[in-house]
Amino acid sequence: MILAQTRTYTTGSGPGPGPSSSSVLEYLAPCPDQVLENVLENVLWFLTSRKDRNAASLVCRSWYRVEALTRSDLFIGNCYAVSPKRATSRFTRIRSVTLKGRPRFADFNLMPPNWGAHLAPWVSAMALTYPWLEKVHLKRMSVTDDDLALLAESFSGFKELVLVCCDGFGTSGLAIVASRCRQLKVLDLIESEVSDDDVDWISYFPDTGTCLESLIFDCVECPIDFDALERLVANSPSLKKLRLNRHVSMGQLHRLMVQAPRLTHLGTGSFSPSEDVAQGEQGPDYVSAFAACKSIVCLSGFREIIPDYLPAINPVCANLTSLNFSYANVSAEHLKPIISNCHKLQIFWVLDSICDEGLQAVAATCKELRELRVFPFEAREDIEGPVSEVGLQAVSEGCRKLESILYFCQRMTNAAVVAMSKNCPDLVVFRLCIMGRHRPDHVTGEPMDEGFGAIVMNCKKLTRLAVSGLLTDRAFAYIGKYGKIVRTLSVAFAGDSDMGLKYVLEGCPRLQKLEIRDSPFGDAALLSGLHHYYNMRFLWMSACNLSNQGCQQIAQALPRLVVEVIKHEDNLDMDENVDTLYMYRSLEGPRDDVPRFVSIL
Amino acid sequence: MEFDRDLNLEATELRLGLPGTVTEQSEKQKPNSNATKSNKRSLPDMNGESEVRRENSSASSNDKKSHGQETAPPIKTQVVGWPPIRSYRKNSLQAKKLEAEAAGLFVKVSMDGAPYLRKIDLKVYKGYPELLEVLEEMFKFKVGEYSEREGYNGSEHVPTYEDKDGDWMLVGDVPWEMFINSCKRLRIMKESEARGLGCAV
Chain X
1 MILAQTRTYT
11 TGSGPGPGPS
21 SSSVLEYLAP
31 CPDQVLENVL
41 ENVLWFLTSR
51 KDRNAASLVC
61 RSWYRVEALT
71 RSDLFIGNCY
81 AVSPKRATSR
91 FTRIRSVTLK
101 GRPRFADFNL
111 MPPNWGAHLA
121 PWVSAMALTY
131 PWLEKVHLKR
141 MSVTDDDLAL
151 LAESFSGFKE
161 LVLVCCDGFG
171 TSGLAIVASR
181 CRQLKVLDLI
191 ESEVSDDDVD
201 WISYFPDTGT
211 CLESLIFDCV
221 ECPIDFDALE
231 RLVANSPSLK
241 KLRLNRHVSM
251 GQLHRLMVQA
261 PRLTHLGTGS
271 FSPSEDVAQG
281 EQGPDYVSAF
291 AACKSIVCLS
301 GFREIIPDYL
311 PAINPVCANL
321 TSLNFSYANV
331 SAEHLKPIIS
341 NCHKLQIFWV
351 LDSICDEGLQ
361 AVAATCKELR
371 ELRVFPFEAR
381 EDIEGPVSEV
391 GLQAVSEGCR
401 KLESILYFCQ
411 RMTNAAVVAM
421 SKNCPDLVVF
431 RLCIMGRHRP
441 DHVTGEPMDE
451 GFGAIVMNCK
461 KLTRLAVSGL
471 LTDRAFAYIG
481 KYGKIVRTLS
491 VAFAGDSDMG
501 LKYVLEGCPR
511 LQKLEIRDSP
521 FGDAALLSGL
531 HHYYNMRFLW
541 MSACNLSNQG
551 CQQIAQALPR
561 LVVEVIKHED
571 NLDMDENVDT
581 LYMYRSLEGP
591 RDDVPRFVSI
601 L
Chain R
1001 MEFDRDLNLE
1011 ATELRLGLPG
1021 TVTEQSEKQK
1031 PNSNATKSNK
1041 RSLPDMNGES
1051 EVRRENSSAS
1061 SNDKKSHGQE
1071 TAPPIKTQVV
1081 GWPPIRSYRK
1091 NSLQAKKLEA
1101 EAAGLFVKVS
1111 MDGAPYLRKI
1121 DLKVYKGYPE
1131 LLEVLEEMFK
1141 FKVGEYSERE
1151 GYNGSEHVPT
1161 YEDKDGDWML
1171 VGDVPWEMFI
1181 NSCKRLRIMK
1191 ESEARGLGCA
1201 V
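Line order of the protein sequences matches chains X and R. Quick note on numbering: the first sequence equals residues 1 to 601 in my numbering. Quick note on numbering: the second sequence equals residues 1001 to 1201 in my numbering.
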């Protein structure tokens, strides 16, 4: 009723009926926005995509307000782009926070430690403003035990903690979370560094029972008390995901599997028996244990695998959608009987120890494969290498639905890369790492320009690209010309001149994250991106040809950009040369926790 | 030739153009001055990292000069953060490699009837006589005379091993080097079981 009248009068532009209109307007005048806000509030609850929400918030002030009130998931792609205070003032009803800190190249020791990305100011601010906070997801942040303690104490309904590539905390912090967060459903520690404080954190979970649905601790290097773990699993009837660390032996794994046959995701720990199994004893029936776990769709672990035991997983292979062998030194011979049953496999991570032959086996069976990652067992540049263009070609021919690939190899050809570009049109992520720097196509001797060019040309959905091998400016010309929706680009030891970077900065309007190392791009190239840097999350350039002057120019031209020059600790003099440039848009200006090896221009 | 001299003397200079083009030097002052600064930096400080950066610049400048020619990557030292593998993954796999390489060739030894197994390091022994002597001592038994045709004659126990293919073989048939590279584990069988070896183990 009122709504209908509101609509008529607000959408109409012509003169409305006289007295009645003014009376309606009078009626609504005190709070026209309130009704609108109520409508919006009801509608916007359903809006989950943050892109849509960001767009909605720009319509007008009332939409901005209502959107802020109805947003429950806060995503901060760069923890320094906005301050905790600003974020918590605008969004007051947040239930879930995702924070990302360090840039990705920091993972490869290209940044000195203690650069920043501290959780502390965030958790302090959230403790005051988000009493109903339920979920915290962190990536590449520095988290201390105190932060974890504050988190555990401040949020009584806390449900989910996910720490990816984080560091700074230890088992004592985990113990506090385990004991205090009574509603905890998810505790996922993924590739994080956890210090051993000699605390048996597993035993801190309540004895009376937990609501745990997911417990992932395969990256925790400290031994755990197995009895405590067994009790925990027995007391956690909702547990679906369990990824053990390498200190759990096969025998122990067996006992846990018997306790939790409803698991869907299992990380198998070491997958080898503990030392000196008594002779004559058959050993537990692993095959039956796996057969009993009818719900397993995701397997990982195999940290110290004895290949003899691999056939035990056969009962679950037919249902597997995700298999992670990337810590298992498995040969093609061991892989083939297993993989030939994995018809539903969509995600496969593996070591190059399976060789091209193993990849051919994957291609022959895994027709549903969406994501493949092939990691090197020996990450060196000067060896022959067990996987090559042969494996890549085979995968491209067998796995037509491939969307994401990460492939480490020693030698590659343009032909194979071109073949993949044509066979796998759904590719969204293409990351090829030819480990020998500046390696050309090993058959033709040509640069790898044409291969990567074909990828950007033919894969219309491509948003993430990592290049390697011998590359000239031509490769970048292709990327600039065809990579119109590329958001993330990683470049190392590539290009001839400033033109390379210019092509990319001028040609890729959707570019968000650009990380470059050891490439001959200088100030002129840097300056050519001025029109675009506010649209990017960050730019990283290390060991390129940048000077302080050039970076200073950028800083002056773009005041909302934080331009960090990171010096390596052995060379803190201010000279002309810029070791590492890391710049990002920010509403806050220079951060106040800058270590001495960083200067902000 | 001049080319070679360039490569030797100015290997650490970072250049954007081809070598020997003097005109480019005047245009591109900045990059060259960067290069000389990086020279200075690497000389007194023998820190691995700065050497590595010199490494990077020499690698890239060398390749620019040799672009199009078939040259192998110039120097094969380790570069920081390359290949891009996270240290967690590197360390996990490194541990395995080191275990395999440095720690010797440990294989399990079982004997029929004995309650538990032993482990020995095959790399420590120089040949079969030594190995057999140690096994005899360890498990308190005696092997008979070895002959190629008849195996171990006149003993209650026979030393066998499982090879890479999963087959059970008689210890002593293949050359020692081949043996230690293919032996996965040892088993001291009772003579009664050893008859018909290869058929029903």
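Hints in this document: simulated from the structure, not taken from any laboratory. Hints are supplied without guarantee of correctness; some may be wrong.
[Said to hold, decoys possible] Pair ranges (Cβ atoms, derived):
hint, chain 1, residue 1, chain 2, residue 2, range
1, X, 251, R, 1133, 30 to 38 Å
2, X, 442, R, 1163, 28 to 36 Å
3, R, 1163, X, 428, 40 to 48 Å
4, X, 445, R, 1094, 29 to 37 Å
5, R, 1181, X, 484, 36 to 44 Å
6, R, 1124, X, 206, 46 to 54 Å
7, R, 1192, X, 251, 26 to 34 Å
8, R, 1133, X, 114, 54 to 62 Å
9, R, 1119, X, 50, 33 to 41 Å
10, R, 1192, X, 442, 50 to 58 Å
11, R, 1166, X, 179, 55 to 63 Å
[Said to hold, decoys possible] The calculated DSSO-like cross-link candidates involving lysine-lysine, where the alpha carbons are at most 27 Å apart (straight line), are:
hint, chain 1, residue 1, chain 2, residue 2
12, X, 241, R, 1090
13, X, 367, X, 51
14, X, 484, X, 513
15, R, 1126, R, 1140
16, R, 1119, X, 336
17, X, 51, X, 513
18, X, 567, R, 1142
19, X, 460, X, 481
20, R, 1142, X, 336
21, X, 513, R, 1184
22, R, 1090, R, 1142
23, X, 567, X, 481
24, X, 344, X, 460
25, X, 336, R, 1184
26, R, 1190, R, 1142
Cβ atoms here follow ideal geometry from the backbone N, Cα and C, with glycine treated the same way.
To see whether the hints hold, each was checked on the structure:
A hinted range of 30 to 38 Å holds for the C-beta pair residue 251/X and residue 1133/R, which are about 34 Å apart. Between residue 442/X and residue 1163/R the Cβ separation comes to about 34 Å, which falls inside the hinted range of 28 to 36 Å. A hinted range of 40 to 48 Å holds for the C-beta pair residue 1163/R and residue 428/X, which are about 45 Å apart. For the pair residue 445/X and residue 1094/R, the supplied restraint of 29 to 37 Å holds, since their beta-carbon distance comes to about 33 Å.
A hinted range of 36 to 44 Å for the beta carbons of residue 1181/R and residue 484/X is inconsistent with their spacing of about 54 Å. For the pair residue 1124/R and residue 206/X, the supplied restraint of 46 to 54 Å holds, since their beta-carbon distance comes to about 51 Å. For the hinted restraint 26 to 34 Å between residue 1192/R and residue 251/X, the CB-CB distance of approximately 32 Å keeps it satisfied. At roughly 57 Å, the beta carbons of residue 1133/R and residue 114/X sit within the given window of 54 to 62 Å.
Distance hint check for residue 1119/R and residue 50/X: the Cβ-Cβ separation is about 56 Å, which falls outside the suggested range of 33 to 41 Å. Checking the proposed 50 to 58 Å range against residue 1192/R and residue 442/X shows it holds: the Cβ atoms sit about 57 Å from each other. Separated by about 49 Å at the C-beta atoms, residue 1166/R and residue 179/X break the suggested range of 55 to 63 Å. Among the hinted pairs, residue 241/X with residue 1090/R is consistent with the structure: their alpha-carbon atoms are about 25 Å apart, no more than 27 Å.
Distance restraint check for residue 367/X and residue 51/X: the Cα-Cα separation of roughly 33 Å exceeds the 27 Å cut-off, and the hinted pair is therefore not satisfied. Annotation: proposed proximity of residue 484/X to residue 513/X holds, straight-line Cα distance about 14 Å (limit 27 Å). A C-alpha spacing of about 21 Å is found between residue 1126/R and residue 1140/R, which places the hinted pair at or below 27 Å, so the restraint holds. Pair hint residue 1119/R plus residue 336/X does not hold up; C-alpha atoms about 30 Å apart against a cutoff of 27 Å.
With a C-alpha separation of about 17 Å, the suggested pairing of residue 51/X with residue 513/X holds against the 27 Å cut-off. For the suggested pair residue 567/X and residue 1142/R, the alpha carbons sit about 68 Å apart, so the restraint of at most 27 Å is broken. Distance check on the hinted pair: residue 460/X and residue 481/X sit about 12 Å apart at the alpha-carbon level, within 27 Å; holds. For the suggested pair residue 1142/R and residue 336/X, the alpha carbons sit about 42 Å apart, so the restraint of at most 27 Å is broken.
Distance restraint check for residue 513/X and residue 1184/R: the Cα-Cα separation of roughly 49 Å exceeds the 27 Å cut-off, and the hinted pair is therefore not satisfied. Straight-line distance between C-alpha atoms of residue 1090/R and residue 1142/R comes to about 46 Å, which puts the hinted pair past the 27 Å bound. The hinted pair formed by residue 567/X and residue 481/X fails the criterion: a straight-line CA distance of about 34 Å is larger than 27 Å. Restraint check: the Cα-Cα separation between residue 344/X and residue 460/X comes to about 26 Å, which is no more than 27 Å; the hinted pair holds.
Only pairs whose Cα atoms come within 27 Å are accepted, and residue 336/X paired with residue 1184/R is accepted, the gap being roughly 21 Å. Our distance criterion of 27 Å between C-alpha atoms is met by residue 1190/R and residue 1142/R, whose separation comes to about 11 Å.
The structure shown violates the earlier hints numbered 5, 9, 11, 13, 16, 18, 20, 21, 22, 23.
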